[in-house]
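Student: Letter by letter, the chains look like this.
There are 4 protein chains.
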Amino acid sequence: MSTRSAADEEAASQEHKHLFFDDYSEGAHPDILDVLQETNLQQERGYGLDRLSARAVQLIHAALKDRSAAIHFVSGGTQANLVVLAALLKPYESVVAAGTAHIFVHEAGAIEATGHRVQTIHAPLGKLTVQSLKPVIEAHSDEHMVKPRAVFISQPTELGTIYTKSELRALYRFCRHHDLYLYIDGARLGSALAAKESKLTFADLPALCDVFYIGATKNGGLFGEAIVIVNERLKQDFRYHLKQRGALLAKGRAIAAQFIALFANGLYLKNAEHANEMASKLAAGIEACGYGFLTNCVTNQIFPVFPNRVVEALRKDYGFHSWLSVGQERTAVRLVTSWATEEAAVDDFLADLKACS
Amino acid sequence: MSTRSAADEEAASQEHKHLFFDDYSEGAHPDILDVLQETNLQQERGYGLDRLSARAVQLIHAALKDRSAAIHFVSGGTQANLVVLAALLKPYESVVAAGTAHIFVHEAGAIEATGHRVQTIHAPLGKLTVQSLKPVIEAHSDEHMVKPRAVFISQPTELGTIYTKSELRALYRFCRHHDLYLYIDGARLGSALAAKESKLTFADLPALCDVFYIGATKNGGLFGEAIVIVNERLKQDFRYHLKQRGALLAKGRAIAAQFIALFANGLYLKNAEHANEMASKLAAGIEACGYGFLTNCVTNQIFPVFPNRVVEALRKDYGFHSWLSVGQERTAVRLVTSWATEEAAVDDFLADLKACS
Amino acid sequence: MSTRSAADEEAASQEHKHLFFDDYSEGAHPDILDVLQETNLQQERGYGLDRLSARAVQLIHAALKDRSAAIHFVSGGTQANLVVLAALLKPYESVVAAGTAHIFVHEAGAIEATGHRVQTIHAPLGKLTVQSLKPVIEAHSDEHMVKPRAVFISQPTELGTIYTKSELRALYRFCRHHDLYLYIDGARLGSALAAKESKLTFADLPALCDVFYIGATKNGGLFGEAIVIVNERLKQDFRYHLKQRGALLAKGRAIAAQFIALFANGLYLKNAEHANEMASKLAAGIEACGYGFLTNCVTNQIFPVFPNRVVEALRKDYGFHSWLSVGQERTAVRLVTSWATEEAAVDDFLADLKACS
Amino acid sequence: MSTRSAADEEAASQEHKHLFFDDYSEGAHPDILDVLQETNLQQERGYGLDRLSARAVQLIHAALKDRSAAIHFVSGGTQANLVVLAALLKPYESVVAAGTAHIFVHEAGAIEATGHRVQTIHAPLGKLTVQSLKPVIEAHSDEHMVKPRAVFISQPTELGTIYTKSELRALYRFCRHHDLYLYIDGARLGSALAAKESKLTFADLPALCDVFYIGATKNGGLFGEAIVIVNERLKQDFRYHLKQRGALLAKGRAIAAQFIALFANGLYLKNAEHANEMASKLAAGIEACGYGFLTNCVTNQIFPVFPNRVVEALRKDYGFHSWLSVGQERTAVRLVTSWATEEAAVDDFLADLKACS
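Chains as they are written, first to last, in this note's numbering: chain A, 552 to 908; chain B, 552 to 908; chain C, 552 to 908; chain D, 552 to 908.
It is worth saying that the hints were derived from the structure and are not from the lab.
Hints should not be assumed to be uniformly reliable.
Said to hold, decoys possible - Some chain C residues well away from chain B (every beta-carbon gap over 10 Å; in silico):
#1 Leu570
#2 Pro675
#3 Glu694
#4 Asp755
#5 Arg790
#6 His792
#7 Leu793
#8 Gln795
#9 Ala815
#10 Ser831
#11 Arg866
#12 Glu880
#13 Ser908
As the list claims (entries may be wrong) - Derived PhoX-like pairs (lysine-lysine); straight-line CA-CA distance at most 25 Å:
#14 Lys747/A / Lys867/A
#15 Lys786/B / Lys867/C
#16 Lys786/B / Lys616/C
#17 Lys750/D / Lys641/A
#18 Lys641/B / Lys641/D
A virtual CB, placed ideally from N, CA and C, is assigned to each residue, including glycine.
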């Protein structure tokens with residue numbers, strides 16, 4: 552599996568009508584640039600001790616209905632993952648994740664570079680379950696092996712699937728029972744919350760894991776993610792970890808301003824809802840043309856399976872990644888929508904798909 | 552020595568007339584926000600493969616008069632330092648730096664976290680010399696010791712002093728002779744280039760070191776630094792290092808846009824010139840009041856020595872860091888100016904200084 | 552899979568007639584203690600610069616028919632593995648190994664602690680092949696992923712299987728073609744060389760890999776392994792790596808003396824031949840009782856599959872590890888013989904097996 | 552300062568009458584080889600779970616008059632240091648040590664390779680004091696700096712000096728007050744205990760630090776050190792740390808047997824007493840010739856200061872390390888005695904010294 556094949560890259564060098572490569576093809580939602588502009592000349596303290604950061608924390612606390620969570624802003628998802636996991640784990644402890652997990656597949660060994668193994672579990676839909684975790688935890692029983700101590704999940708997963716509230720509850724119960732930390736990578740958290748199937752709200756999250764992050768980069772932000780630490784044990788000295796990994800921005804205000812824009816008036820969820828809606832429309836149109844999908848379409852990433860001939864035809868005008876060969880003649884591709892996807896782009900794609908089907 | 556004493560923090564919670572804490576108290580130079588705004592809805596590839604990054608590289612190449620340098624954008628200075636040094640050094644190799652170096656004093660062990668020792672040399676003015684380097688290199692002669700392999704300098708230094716072109720030339724000659732990489736931390740590079748005393752231009756740099764970075768955060772950027780790799784041996788696979796350390800932003804365009812603004816019309820040097828000019832005016836006024844300085848005032852950081860009584864009086868209206876106790880009754884403080892410092896702020900400070908002197 | 556179950560441990564606390572747990576249950580072959588004794592009061596330089604180390608290197612060079620290999624003595628196998636791999640790999644590079652590899656299963660994350668991923672390939676017989684390696688190498692194509700750079704194999708494998716000379720030749724050709732280092736863990740190398748099926752001699756090894764180690768701990772030594780570096784690029788500064796990882800013994804002579812005893816008169820192979828012979832006799836007897844095996848019996852580790860009832864009966868008098876449940880009612884166990892295994896122990900075991908079958 | 556100059560190495564290639572390079576020039580005390588011999592064919596469990604290890608722990612417990620200490624055997628001093636410190640420290644925490652400390656000067660960056668800074672304090676006699684520690688601890692006050700968490704001392708120090716019982720008590724009180732772990736490197740612990748000036752016994756140690764190690768390599772052992780963990784918090788999962796760093800020998804019995812020999816009948820202290828006595832006799836003779844010393848002569852390492860001419864004359868027949876140039880014309884050398892030093896060697900040296908003085 553590879554999301555960045557040579558064919559993709561070649562294709563990328565052409566002019567496309569529209570890009571469905573990812574949800575970070577544009578800059579930021581205009582409201583975000585507005586807050587950056589409005590607050591630009593305020594003099595503020597550095598390194599996250601500024602009033603914008605304090606305000607952003609307040610707004611996130613309100614969304615979480617939890618004023619005790621420790622919140623820290625960092626510049627990107629890989630950075631969030633490596634800082635959090637390096638902070639959670641003792642040298643011989645490992646993190647368990649799905650074989651499709653971003654920390655295993657697409658972070659260039661970032662976690663191992665902090666000294667820890669990422670142990671994987673085969674997970675065809677990108678999701679971990681109590682059933683799949685149990686044997687792994689039980690098999691690691693003595694000091695000749697690494698000691699699993701954290702469980703990493705992505706919500707939604709890298710395959711566009713989601714954990715429902717009750718699935719999360721079961722996972723977290725298992726984790727607490729086995730003295731495992733549960734960490735949720737929320738690079739696209741908005742899309743999972745906006746999916747009705749998840750039955751999840753922001754306010755549910757503090758009770759369902761030890762630490763998670765709220766991703767802005769892929770949901771309308773220019774860059775930046777908010778790490779939310781719920782577990783009291785993990786809060787101490789976290790700023791040391793941030794500083795040591797190069798994650799404490801001098802102008803922390805630049806990330807905070809974005810979260811103010813995203814959380815002051817519900818923009819975070821609105822962005823995600825729009826992305827999901829566009830994906831849903833795409834999916835419906837594709838299904839109407841008679842094609843199936845690798846996984847259920849519930850978030851802003853969908854994985855239709857097309858004949859290779861169709862893939863080649865679509866590539867001329869649209870940017871997207873091939874995901875997986877399905878047999879000799881078909882390919883699952885990944886289409887990603889975002890807060891900025893225009894309905895016209897979806898309509899164009901579906902019209903062209905019909906034409907070449 | 553500490554730049555963040557309890558007294559400072561307490562003071563910071565008050566309302567000040569003006570802040571001289573640092574050069575990152577404001578957001579970004581307005582021209583930068585303009586470029587972010589103008590390019591905002593362009594669809595671009597992720598991870599630095601976008602057209603804005605290509606354009607920013609082109610502009611920096613032009614400033615350097617060197618089209619062969621590899622240029623990578625990262626979000627902050629500690630990140631730049633740790634990625635570069637982790638890429639340069641084999642496990643048993645160390646980096647040599649002044650005892651005042653940022654990587655030693657104020658990066659929470661970021662370099663050691665990648666496995667390498669920062670070896671320090673006593674340097675009262677913050678500068679390394681061939682004379683001070685030589686014995687350290689010679690003393691490390693066998694496999695029971697770390698092997699010095701990189702030399703780290705800040706230009707300007709953490710004490711506001713600068714390396715002249717001929718000093719850099721001598722240092723780099725020594726480094727090449729001893730198979731050492733020379734790395735320049737340019738968090739405030741603009742201020743050094745804008746100081747006439749340095750006799751340095753952008754175009755001089757590629758011949759004077761193996762790798763350096765051009766800092767934007769402290770010279771008008773919202774965040775971001777440009778790593779410039781000159782040495783051919785160090786270019787290969789650098790993007791792997793970036794990705795692994797969480798330094799490859801999905802929207803690399805957000806940093807690139809800032810460097811476009813800074814390098815399209817000479818804004819980078821203009822910002823630095825203004826900062827230096829304000830510092831120079833401050834220094835002249837302070838000297839006129841009869842006070843001396845810890846180091847020569849040539850960049851945007853100056854270190855006047857005031858009686859403690861005066862320090863306390865100034866604190867009421869101005870934000871700045873204490874740097875060093877000088878005897879029992881005097882304190883060296885650090886005053887930092889920036890692209891955004893208004894002449895009126897300098898005038899106010901000098902008036903109040905006169906009043907309490 | 553676990554080699555150290557609670558049941559094993561409990562069993563271990565009882566008195567056994569004989570132990571087949573492993574090949575390190577006794578001290579050292581008597582000839583080794585003799586050399587330690589004879590050379591004991593010689594005054595020698597420390598840290599491997601002694602005359603005993605020089606002599607041991609000479610003897611190993613003679614066995615390899617290669618005087619250019621760099622040879623270093625370390626205290627154990629995990630240490631050998633972590634020093635070698637940390638020396639081979641750049642921060643973002645990984646090592647590829649079978650899912651059963653010791654570095655993955657039983658070294659507590661030692662390789663990850665040096666910053667590198669161990670990537671695994673499903674290998675039911677514990678062996679890697681060109682066919683199984685190829686897709687893994689091809690799938691890792693860009694800087695978002697780790698870059699496979701070393702291939703780790705155990706000869707014999709952790710499942711008692713071996714690579715033939717022609718299999719090694721094919722693997723190494725593939726590795727060189729893809730710029731991968733091939734590293735052979737030879738904890739039980741003697742047993743593989745003593746197996747006729749391998750068609751391998753010491754003198755073949757330098758042409759078949761970049762680096763390997765010759766294990767003494769499991770073949771009659773008190774402790775110690777000899778790392779043999781063939782690839783010229785990997786020789787430089789290796790003593791720094793050793794020292795940094797705590798692997799450079801002050802009295803390197805203590806390991807060298809053992810290798811003198813093992814290589815002066817062919818003791819190394821003689822020990823392995825005896826161990827293989829005893830395993831072979833055990834296997835023949837077990838087969839005669841009608842039982843099968845998990846893998847072919849060619850080295851000093853065999854994996855018979857017994858009904859659970861038989862396992863329980865044998866446990867009373869013999870120490871051995873359970874390896875794998877085979878269905879609900881049978882278990883594969885691991886029986887290990889050594890240079891010290893007496894024929895009577897084998898006879899006792901087989902008689903008791905017959906009695907309870 | 553360097554203990555291994557080119558001149559030394561050249562000298563080492565010649566034949567000497569006697570070596571005073573170090574205390575690890577011979578193999579093991581004969582009693583140790585006897586125990587290895589006697590227990591050689593006993594079948595034992597691996598990885599320190601054997602009966603010899605249990606017996607050695609019992610004997611050390613008796614010497615310490617403390618049955619609660621956790622005791623682990625490792626192969627060497629650098630290994631002990633890196634395992635212990637990596638176990639004590641969180642990623643951003645540092646260890647404070649004298650500038651002369653072995654972990655700083657002669658372990659090739661072993662501690663930094665586990666991710667931690669070794670912070671040094673100028674200590675002309677190799678000793679830390681509460682007075683010298685205090686400002687370092689106070690200066691590290693926020694998350695931009697490393698956080699000192701462990702204090703490393705060597706007893707005796709690398710300069711042959713010792714901490715008295717009351718000095719240790721004061722240091723440890725300071726450490727506990729500041730939430731710092733105190734770790735004692737006891738590579739030559741015997742020599743410190745055997746020095747009457749220290750007023751220290753084994754039984755004093757558990758109350759004076761959190762963790763220490765008892766060195767055998769430099770006091771008659773073939774190799775091996777015993778890590779003694781007193782602080783309850785540090786005991787958990789320590790075997791994981793050992794395994795991960797390659798420090799858990801398969802035949803842990805090989806080290807345990809040595810500690811049985813050393814602790815069953817007081818051999819450990821007897822060896823050290825002999826070494827100290829020989830050093831004392833050397834020192835008295837040297838003093839009688841009119842020479843002075845770099846530090847007081849109380850342990851088995853002494854540092855006489857000779858005219859360079861005398862150094863050259865002695866080099867012809869004796870092996871020793873130059874330590875420090877004292878002005879242009881004199882050199883401090885290091886003479887080390889051991890359990891194996893014969894009185895005749897001392898007499899020869901003194902006679903030759905007299906002759907060339």
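Student: A separate judgement is required for each hint: does it hold in the structure or not?
Tutor: Hints and how they fare:
1. Leu570: Holds, since 39 Å exceeds 10 Å.
2. Pro675: 32 Å, holds
3. Glu694: Given that some Cβ of chain B is not farther than 10 Å from that of Glu694/C, nearest at about 4 Å, it is violated.
4. Asp755: Nearest chain B Cβ is 31 Å from Asp755/C, so the label holds.
5. Arg790: 4 Å, violated
6. His792: The claim breaks: His792/C does not keep its Cβ more than 10 Å from every Cβ of chain B (closest is about 6 Å).
7. Leu793: 8 Å, violated
8. Gln795: At about 5 Å from chain B, Gln795/C fails to clear the 10 Å cut-off, so the statement is violated.
9. Ala815: 28 Å, holds
10. Ser831: 43 Å, holds
11. Arg866: 45 Å, holds
12. Glu880: Since the minimum Cβ distance to chain B is about 48 Å, Glu880/C lies beyond 10 Å and the statement holds.
13. Ser908: Ser908/C clear of chain B: closest Cβ-Cβ about 54 Å, beyond 10 Å.
14. Lys747/A / Lys867/A: Not satisfied, since the Cα-Cα distance of roughly 34 Å exceeds 25 Å.
15. Lys786/B / Lys867/C: Cα-Cα ~63 Å, so violated.
16. Lys786/B / Lys616/C: 40 Å, violated
17. Lys750/D / Lys641/A: 38 Å, violated
18. Lys641/B / Lys641/D: 23 Å, holds
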